[in-house]
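A.B. asks: Chains as they are written, first to last, in the numbering used here: chain A, 1 to 350; chain B, 351 to 700; chain C, 701 to 1050.
I should point out that these hints are in silico values taken from the structure, not numbers from a laboratory.
Since we're looking at a predicted model, the values are computed, not measured.
Watch out, some of these pointers could steer you wrong.
[As the list claims (entries may be wrong)] Derived lysine-lysine pairs resembling DSS-like cross-links, with alpha carbons at most 25 Å apart:
| no. | chain 1 | residue 1 | chain 2 | residue 2 |
| --- | --- | --- | --- | --- |
| 1 | A | K327 | C | K892 |
| 2 | C | K892 | A | K93 |
| 3 | B | K443 | A | K192 |
| 4 | A | K327 | C | K1027 |
| 5 | B | K647 | B | K659 |
| 6 | C | K1030 | A | K309 |
[Stated by the list, open to error] If you want the ones that stay clear, here's a sample from chain A, every Cβ over 10 Å from chain B, calculated:
| no. | residue |
| --- | --- |
| 7 | I22 |
| 8 | G43 |
| 9 | S139 |
| 10 | T157 |
| 11 | S166 |
| 12 | V175 |
| 13 | L218 |
| 14 | S256 |
Just so it is clear, CB atoms sit at the ideal spot from N, CA and C, and this is done for glycine as well.
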Amino acid sequence: MNVSLSELANRVQGVVVGNAQISISALSPIDDVLVGSLVFADGEHNLRRAEQSKAAAILVNQQMTSSQKSVIQVANPLKTFIQLLNFFYPVSKPKASIHPTAVIAEDVTLGNNISIGPFVIIESSTTIGDNCVIKGHVSIGNEVTIGHDTVIHPQVTIYAQTRIGSRVSIHASSVIGCDGFGYTFVDDQHLKIPHVGHVVIGDDVEIGANTVIDRATLGATVIGEGTKIDNLVQIAHSVKLGKHNILCAFTGIAGSSVSGNHVIFAANVGVSDHVQIDDGVILAARAGVPPKKHLKKGNVYLGNPARPKEKALEQELAVTRIPMMRKKIKGLSEKISLLSERLAQIEAEK
Amino acid sequence: MNVSLSELANRVQGVVVGNAQISISALSPIDDVLVGSLVFADGEHNLRRAEQSKAAAILVNQQMTSSQKSVIQVANPLKTFIQLLNFFYPVSKPKASIHPTAVIAEDVTLGNNISIGPFVIIESSTTIGDNCVIKGHVSIGNEVTIGHDTVIHPQVTIYAQTRIGSRVSIHASSVIGCDGFGYTFVDDQHLKIPHVGHVVIGDDVEIGANTVIDRATLGATVIGEGTKIDNLVQIAHSVKLGKHNILCAFTGIAGSSVSGNHVIFAANVGVSDHVQIDDGVILAARAGVPPKKHLKKGNVYLGNPARPKEKALEQELAVTRIPMMRKKIKGLSEKISLLSERLAQIEAEK
Amino acid sequence: MNVSLSELANRVQGVVVGNAQISISALSPIDDVLVGSLVFADGEHNLRRAEQSKAAAILVNQQMTSSQKSVIQVANPLKTFIQLLNFFYPVSKPKASIHPTAVIAEDVTLGNNISIGPFVIIESSTTIGDNCVIKGHVSIGNEVTIGHDTVIHPQVTIYAQTRIGSRVSIHASSVIGCDGFGYTFVDDQHLKIPHVGHVVIGDDVEIGANTVIDRATLGATVIGEGTKIDNLVQIAHSVKLGKHNILCAFTGIAGSSVSGNHVIFAANVGVSDHVQIDDGVILAARAGVPPKKHLKKGNVYLGNPARPKEKALEQELAVTRIPMMRKKIKGLSEKISLLSERLAQIEAEK
Chain A
1 MNVSLSELAN
11 RVQGVVVGNA
21 QISISALSPI
31 DDVLVGSLVF
41 ADGEHNLRRA
51 EQSKAAAILV
61 NQQMTSSQKS
71 VIQVANPLKT
81 FIQLLNFFYP
91 VSKPKASIHP
101 TAVIAEDVTL
111 GNNISIGPFV
121 IIESSTTIGD
131 NCVIKGHVSI
141 GNEVTIGHDT
151 VIHPQVTIYA
161 QTRIGSRVSI
171 HASSVIGCDG
181 FGYTFVDDQH
191 LKIPHVGHVV
201 IGDDVEIGAN
211 TVIDRATLGA
221 TVIGEGTKID
231 NLVQIAHSVK
241 LGKHNILCAF
251 TGIAGSSVSG
261 NHVIFAANVG
271 VSDHVQIDDG
281 VILAARAGVP
291 PKKHLKKGNV
301 YLGNPARPKE
311 KALEQELAVT
321 RIPMMRKKIK
331 GLSEKISLLS
341 ERLAQIEAEK
Chain B
351 MNVSLSELAN
361 RVQGVVVGNA
371 QISISALSPI
381 DDVLVGSLVF
391 ADGEHNLRRA
401 EQSKAAAILV
411 NQQMTSSQKS
421 VIQVANPLKT
431 FIQLLNFFYP
441 VSKPKASIHP
451 TAVIAEDVTL
461 GNNISIGPFV
471 IIESSTTIGD
481 NCVIKGHVSI
491 GNEVTIGHDT
501 VIHPQVTIYA
511 QTRIGSRVSI
521 HASSVIGCDG
531 FGYTFVDDQH
541 LKIPHVGHVV
551 IGDDVEIGAN
561 TVIDRATLGA
571 TVIGEGTKID
581 NLVQIAHSVK
591 LGKHNILCAF
601 TGIAGSSVSG
611 NHVIFAANVG
621 VSDHVQIDDG
631 VILAARAGVP
641 PKKHLKKGNV
651 YLGNPARPKE
661 KALEQELAVT
671 RIPMMRKKIK
681 GLSEKISLLS
691 ERLAQIEAEK
Chain C
701 MNVSLSELAN
711 RVQGVVVGNA
721 QISISALSPI
731 DDVLVGSLVF
741 ADGEHNLRRA
751 EQSKAAAILV
761 NQQMTSSQKS
771 VIQVANPLKT
781 FIQLLNFFYP
791 VSKPKASIHP
801 TAVIAEDVTL
811 GNNISIGPFV
821 IIESSTTIGD
831 NCVIKGHVSI
841 GNEVTIGHDT
851 VIHPQVTIYA
861 QTRIGSRVSI
871 HASSVIGCDG
881 FGYTFVDDQH
891 LKIPHVGHVV
901 IGDDVEIGAN
911 TVIDRATLGA
921 TVIGEGTKID
931 NLVQIAHSVK
941 LGKHNILCAF
951 TGIAGSSVSG
961 NHVIFAANVG
971 VSDHVQIDDG
981 VILAARAGVP
991 PKKHLKKGNV
1001 YLGNPARPKE
1011 KALEQELAVT
1021 RIPMMRKKIK
1031 GLSEKISLLS
1041 ERLAQIEAEK
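The shape of chain A in the complex, shown without the other chains (with noise of 0.2 Å):
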């Protein structure tokens, strides 16, 4: 694909400062930049890498410009990387067919223009809508609903009952609706508590890859709309997750806790059970939240046991003081010694 910079431009409401004409071959990202691509340029520091590579343009906010390439102005460069992302490498949805060594129980239910891969297996009294996309080896228990235009990526597990909005997508070997881990103790052994609850899934919601979230014991256990999971993260039974939270790898939330919206997971997380969050909290990476805690609106929580950031950072110095507060004490008892020499001459000579 070869498209010139001016045209480029008009796509996407931009404006070109130089060589409107310059013809764009590729998208770059600024580490690995490709001869006669545009790339992305976030930051002066960036502006200076993408000016001494190869790139035949740079694309940059409406305060930025450059004196070595021709740039597109945008008011949003990331929102505009995008676009032309989709634009240059558009993703090319697989036809609708149903795989014929697919195993689809007799009373399955499926929408209009539906892919279903080779060796998916689907149960009885389960519904997918309209252009979802089901890829290989994908296994659907009974009683399962799928929104429309969803795409479920191979060796994905999703148990029985589980309910799955619309434009989801689901990265392989994640499972779905497995049982919670919840057992009582009694006679010296661990008895089970049964998983009779299930998965309820919002619209638009993302989910990475080996990632894993449990049925409730009773009721559900919920991902709010629009919520982005990374790969290899944890949600246990009846956690109810709200709208448009981010949790990165790594990130586990036990038993019962609850999230408001926009909520943010960093990596590795750790949330115990019955913890309430508020909307607009950040967890930071490696945090560690004991159980029933509160974490207050709007607030950054560091560190395990997790604090507002301000208490976690204050901490953090606080250590690094001691060696200092160390000698300051030797210091003070040095002073010590000499006051009392000083006090017992005194003494002595009076």
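Position chains B and C relative to chain A; hints supplied.
C.D. replies: Structure of chains B and C alone, referenced to chain A:
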């Protein structure tokens, strides 16, 4: 289903306080109560919530009662709730049958009353006991033995020579018996140590989804009977876990470590290699145990590096005292200056 | 198999000290010794254990000997043990054959002597080299290339455009090339950044079970040759790992971070985005590296946030000194009170 409170009470040797004729149509969790349901309340706080809910009646212990709603009193309400869950929501076992798409080696030995789903692979010389359920897409290698009444969920991989007990449950996409992670650095490269051992899983073990248990280098990696393992857990080569352990999500046990019976690993516990853990030890969430440590019987360990609870809490508390200590040091310094001035005055007056 | 100690010694260029005619029937790990076996003992402690075991003989280095049992002395006992493991327990490669249930696109290019298991899916324009083993249920997307002598274990998913080298091994349920976790927050929602890059895996790489490697946003996520990755590891979009790295379980590397050669990530290491790690760096278990850090050549890093070992240990030690410091402060305070009293006495006497 509609059952009178008195019938339920009889079924569980409980005592009704209130109206025994009330009709119960479901069980409810405390955070999502259905109209007309029986809800289980542990503790006063949840009793109040239950009283203000749409529940028809409440399951409580023998010390609790309610002025608002009818209750069933029993000795162990959680154990009773499990009984009632099994009564209201009986698990329907799949019918015994072998799906025609399954690829089963000729010399495999199958017990009676076995259910094998679509696209299952069972390789040579493997033996599976009576009443087992092998769901779709499961892959079982050569010379595996599985006891009776064991359930293997979809997409599980069981490598060759694994030995699995009876009444075991393994959830979706877990991997049992892959090579351990062992190399030795020779000639500037990591030379692989072959893993010719296997995995032995005792009776009544449960394993969550996306968990991995490595085979031993030589000999066996062992999971003791009754031990329960959550999702996304890692058990390395040659580990030997005792009986009735609990391992929560993201716990990792490194090579050759050994646990006794009734050990609890809370979430995201990391145990290094060659650690010895005595009976009844509890490792709190996010504890990290350095190599070759010996954790003593009945102790609770916290922190990274893990320390006995008292020491760990003492240290955590110590850090919070630093600001106060800095103030005190400053105060002492000022007092010393004053003393020094007073002393200088006296010395000058001599 | 029964082999004399002298024959084994010849096979590995070792020297027998003791009875060279002893017959060896197996190899044993030090913690589970079989009668009549050869056991490998590293260090004095394990030599004592080996002497008291049922082992017939002991493999040791050239400095060690035993008054209790016959030994084979070699220059590098672990390397020799690997040789002997391969001799006693040779790996049987599956016969070259393509299972009739496999669904392979017409334009796939297959080398010679390939083994493809049941229910494998290989999509369009993919190329697989000589002597590869693709086990059952593996899913391989479009335009993938795989070198020769590579083994892909069951249930692995390889997304489109992934490039895999020769002599690579990928264990069960791992996922290579799924979308990275990238969004930008626009109009109160998380807008997905398309991931049109791919993954490149070098020769001689090994990847454990349930591990995930994300494709790059644009360009490539790269795993350098000879790098070994454990189970349950997360490699994010556009990461570039050098050669001969070691990544233990639960390690996560966030977007665009780069490592040199011979870097070691112990278990549960978390590396944030845009981190640069020089050759030979060692990250201790549970180290956490903040964004954009530069870890310097040959250093060992500990803690969260990760610090050079000396600093981290100094800080850890500092915390343990707080109780002692509090005592000292109290002592100084008392001394000051006494001085003040003595001074007051003198002042009063003036």
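A.B. asks: Would you say A/S139 is clear of chain B, with no C-beta pair closer than or equal to 10 Å?
C.D. replies: The claim breaks: A/S139 does not keep its Cβ more than 10 Å from every Cβ of chain B (closest is about 4 Å).
A.B. asks: Find the nearest Cβ of chain B to the Cβ of A/T157 and say whether that gap is larger than 10 Å.
C.D. replies: The claim is violated: A/T157 sits with its nearest Cβ about 4 Å from chain B, within 10 Å.
A.B. asks: Verify that the Cβ of A/L218 lies farther than 10 Å from every Cβ atom of chain B, and report whether the claim holds or is violated.
C.D. replies: violated (4 Å)
A.B. asks: Is the nearest CB of chain B more than 10 Å from the CB of A/S256?
C.D. replies: violated (6 Å)
A.B. asks: Could you grab the alpha-carbon distance between C/K892 and A/K93 and see if it respects the 25 Å cut-off?
C.D. replies: holds (17 Å)
A.B. asks: Given the hint that C/K1030 pairs with A/K309, does the C-alpha gap stay at or below 25 Å?
C.D. replies: The hint is violated at about 31 Å.
A.B. asks: If we take the beta carbon of A/G43, is the closest beta carbon in chain B still more than 10 Å away?
C.D. replies: Holds, since 35 Å exceeds 10 Å.
A.B. asks: Does the no-contact call for A/I22 survive, Cβ to all of chain B over 10 Å?
C.D. replies: Check passes; 46 Å lies beyond 10 Å.
A.B. asks: Between the alpha carbons of B/K443 and A/K192, is the straight-line distance 25 Å or under?
C.D. replies: holds (17 Å)
A.B. asks: Is it true that the CA of B/K647 sits at most 25 Å from the CA of B/K659?
C.D. replies: holds (13 Å)
A.B. asks: Is A/K327 close enough to C/K892, meaning Cα to Cα at most 25 Å?
C.D. replies: The hint is violated at about 53 Å.
A.B. asks: Decide, holds or violated, for the assertion that all CB atoms of chain B are farther than 10 Å from the CB of A/V175.
C.D. replies: Given that some Cβ of chain B is not farther than 10 Å from that of A/V175, nearest at about 4 Å, it is violated.
Taken one by one, the earlier hints fail for this structure at numbers 1, 6, 9, 10, 12, 13, 14, listed in ascending order.
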